[in-house]
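**Q** First to last, the sequence lines map onto chains A and B. Just so we're aligned: the first sequence equals residues 1 to 292 in UniProt numbering. Just so we're aligned: the second sequence equals residues 1 to 292 in UniProt numbering.
If you're looking for bench data, these hints aren't it; they were derived computationally from the structure.
Which copy is meant is left open, because identical chains are indistinguishable; a pair holds if it fits in one copy or across any two.
For lysine-lysine, the following DSS-like pairs were computed, each having C-alpha atoms within a straight-line distance of at most 25 angstroms:
(1) Lys-263 to Lys-99
(2) Lys-286 to Lys-99
(3) Lys-99 to Lys-291
(4) Lys-13 to Lys-28
(5) Lys-51 to Lys-13
(6) Lys-99 to Lys-279
(7) Lys-252 to Lys-13
(8) Lys-263 to Lys-288
(9) Lys-168 to Lys-252
(10) Lys-28 to Lys-64
All figures in this text were calculated on a predicted structure; none of them were measured in a lab.
Protein chains: 2
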Amino acid sequence: MLFLIGLGLGDCKDITIKGLEAVRRSTKVYLEAYTSILIDGHGDLESYYGKPIIQADRSFVEQKCEVMLNEALVEDVSFLVVGDPFGATTHSDLILRAKQMGVDIRVIHNASILNAVGCCGLQLYAFGETVSVVFWNDNWKPTSYYDKIASNRRAGLHTLCLLDIKIKEQSWENLARDRKIFEPPRFMKVFEAAQQLIDILNIRLAGGAREDTLAYSADTLAVGLARVGTDSQQIAAGSLLQLTNSEVLLGKPLHSLVLPAEKLHPLEWDMLAMYAIDKSWFNANKNKYVKN
Amino acid sequence: MLFLIGLGLGDCKDITIKGLEAVRRSTKVYLEAYTSILIDGHGDLESYYGKPIIQADRSFVEQKCEVMLNEALVEDVSFLVVGDPFGATTHSDLILRAKQMGVDIRVIHNASILNAVGCCGLQLYAFGETVSVVFWNDNWKPTSYYDKIASNRRAGLHTLCLLDIKIKEQSWENLARDRKIFEPPRFMKVFEAAQQLIDILNIRLAGGAREDTLAYSADTLAVGLARVGTDSQQIAAGSLLQLTNSEVLLGKPLHSLVLPAEKLHPLEWDMLAMYAIDKSWFNANKNKYVKN
Numbered sequence: 001m002l003f004l005i006g007l008g009l010g011d012c013k014d015i016t017i018k019g020l021e022a023v024r025r026s027t028k029v030y031l032e033a034y035t036s037i038l039i040d041g042h043g044d045l046e047s048y049y050g051k052p053i054i055q056a057d058r059s060f061v062e063q064k065c066e067v068m069l070n071e072a073l074v075e076d077v078s079f080l081v082v083g084d085p086f087g088a089t090t091h092s093d094l095i096l097r098a099k100q101m102g103v104d105i106r107v108i109h110n111a112s113i114l115n116a117v118g119c120c121g122l123q124l125y126a127f128g129e130t131v132s133v134v135f136w137n138d139n140w141k142p143t144s145y146y147d148k149i150a151s152n153r154r155a156g157l158h159t160l161c162l163l164d165i166k167i168k169e170q171s172w173e174n175l176a177r178d179r180k181i182f183e184p185p186r187f188m189k190v191f192e193a194a195q196q197l198i199d200i201l202n203i204r205l206a207g208g209a210r211e212d213t214l215a216y217s218a219d220t221l222a223v224g225l226a227r228v229g230t231d232s233q234q235i236a237a238g239s240l241l242q243l244t245n246s247e248v249l250l251g252k253p254l255h256s257l258v259l260p261a262e263k264l265h266p267l268e269w270d271m272l273a274m275y276a277i278d279k280s281w282f283n284a285n286k287n288k289y290v291k292n
Numbered sequence: 001m002l003f004l005i006g007l008g009l010g011d012c013k014d015i016t017i018k019g020l021e022a023v024r025r026s027t028k029v030y031l032e033a034y035t036s037i038l039i040d041g042h043g044d045l046e047s048y049y050g051k052p053i054i055q056a057d058r059s060f061v062e063q064k065c066e067v068m069l070n071e072a073l074v075e076d077v078s079f080l081v082v083g084d085p086f087g088a089t090t091h092s093d094l095i096l097r098a099k100q101m102g103v104d105i106r107v108i109h110n111a112s113i114l115n116a117v118g119c120c121g122l123q124l125y126a127f128g129e130t131v132s133v134v135f136w137n138d139n140w141k142p143t144s145y146y147d148k149i150a151s152n153r154r155a156g157l158h159t160l161c162l163l164d165i166k167i168k169e170q171s172w173e174n175l176a177r178d179r180k181i182f183e184p185p186r187f188m189k190v191f192e193a194a195q196q197l198i199d200i201l202n203i204r205l206a207g208g209a210r211e212d213t214l215a216y217s218a219d220t221l222a223v224g225l226a227r228v229g230t231d232s233q234q235i236a237a238g239s240l241l242q243l244t245n246s247e248v249l250l251g252k253p254l255h256s257l258v259l260p261a262e263k264l265h266p267l268e269w270d271m272l273a274m275y276a277i278d279k280s281w282f283n284a285n286k287n288k289y290v291k292n
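This is chain A alone, in the form it adopts within the complex (with noise of 0.2 angstroms):
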C-alpha cells in the first residue's frame, strides 16, 4: 500500500491522525521536498514520527518513482507531501504509474494554501482560477497571469497568487558544466509580488494599454499572507503600493497574495479591515468596495 499523506501548512503536528497512524506503519517513509517547503525542518519530522524520512526531489519523483512503487507492492510505504497531496502539483502522474503498476493507493487528505487562504476571510467559493507569480530575470518576464486576474476580476472573483519557489536551481554555468552546485533557495516575498503586479501595469501601458482598460491599479486592494497555518502566521491588507512595503510587517516565507474582486461582501471586508496595513485607507475606500 502506498499512502499519500498530507502534512498541513504548519509544523509535524499538523498531519492527522490517520496520517500520524499509517506513518508509523510504513517500513518507508518519503518526503516530497521539491513543490513547497516545510515551516519545520526534516530533523523536526524524522524525531517526532520515529523514524527516518527520505527526501524525494524532483528526478527521484519523475524518474525514479518505481523504487518506490515496487516497495509500495509489497509493504506500506508514505509518501509525505507538504500542504494536501492534491495541492498545486496533482501526483497524477505518480498516481497513474501506481495504478499501472498494481498499487493500491490511499489518499489522506489534508489543509493547503488553496482553502487555508480562507482565514483572510474571503470567501472560497469565490476564488477563480489561482495563479502563479515566478521570479523575472534579464531576459524572462512572463505576464500571462495578468490576463488570468484580469479574467477573475471580470467575473467578480478573488485571485490566489502563488508565489515563486526555487529550489535546487542550477545556474546556466554550472547547469552547462553538469555540475551538482545548487544555488541557495529563494521564496519570493509579498513585497515583491505585488512590484511585480505593478511593473506588469507598467509594460501594458507602455505597450499601448489604455489605463482605464487595466485591470487594476497601484492603488487596488491586496491581501498579503505569511506562513498561513502556523504560530506565526500574518495577513496583511492594503494597496498593492502598500504592500510594496510590506518586507518587514510579514517577514519569512512562504508568502501568498490575494487580488481580491472588485466587490466584496460586507463581511469580507470587515475580515479584511482586522489586518488594514493603514486604517485610513481601509475607511477611505470601503464605499469603493462593499456590495450595497
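Knowing the structure of chain A, use the given hints to seat chain B on it.
**A** For chain B alone, kept in the frame of chain A given last:
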C-alpha cells in the same frame, strides 16, 4: 482561547494532532452541526475525544454564540467544524464577534471538499467559482448557478458544484405554527444534480435560447464524487446523462459534482478515465476533450 478546528472529511481520526491536543485541553467542545454532516456520528467523536460535545445548530451560532465566546474569554473552548473552518461557511461573523469581545482565536486548518476535490485528478488551480445546487420545489427552481458554470467554462475552468443539504428544516405548516418539528435530513445526490443540470438546459431552450449557445449538453463530461476523503469514497466520470443513473454506483451522501472545463490536460483526462462509468464513451470522446 477559542480554537476553531477543522475535522476534515472522514471520521474522528481525520482531525490533526494539533487539533486533538486543543480538544483535549478544552473545557467545552462545540460541534457546528448545520452546514455539513459527519460521516462518523456524534457519539464516535465523543468517545474518541473522551469528552462531551455540544451540538451548535444554526440558531446557536447566529444568535447565542456569545455564551461560547464568554467562556472562551476565561478558558479554552473548541469549536469543531467538519472540513476546514473556512470552507463553505466562513464563520466570519463568529470571528468578528470574538474580536469585538477580545477573545483570542486560533484556527487549526484541515482538508475541505474545496481542496480534496483534487482527488479526481482535475487540477485545483484550474477551478473557477464554486456553485451550489439546491433542491427545487414546486414554487422555487433557481437556475442562477447555470450562468456561473457558463462563465467558468468560457474561461476554461472547472466548476465544483456543492449539492444541497437540508438539516433541521421545518415544513411550511410547522414553521407557520412555530412547531419545532423538523423534516428528515435530505442530501442531494449526484444523480439528482445531474438531472437538474439537464432540466435547466430544457428550461433555457424553452425560453428561446439557441442550442449551440448553451454552456453544456446532456452529453458533456461530468464527475460525480461521493464521500470524498473516507474509506468508501467513490468517483464516477461520464456524461451528465450517464450520471443521472449513478444512484446505486455512488451510494450514500455526501455527494459533489464537478463540471470540468471544455478542454483538459492529458493527465487530467487519464486520471478521470480511471473512474469512467463507460470506457467506450471515454475512448470515443478523448479527442474532443484533451488539449493538444
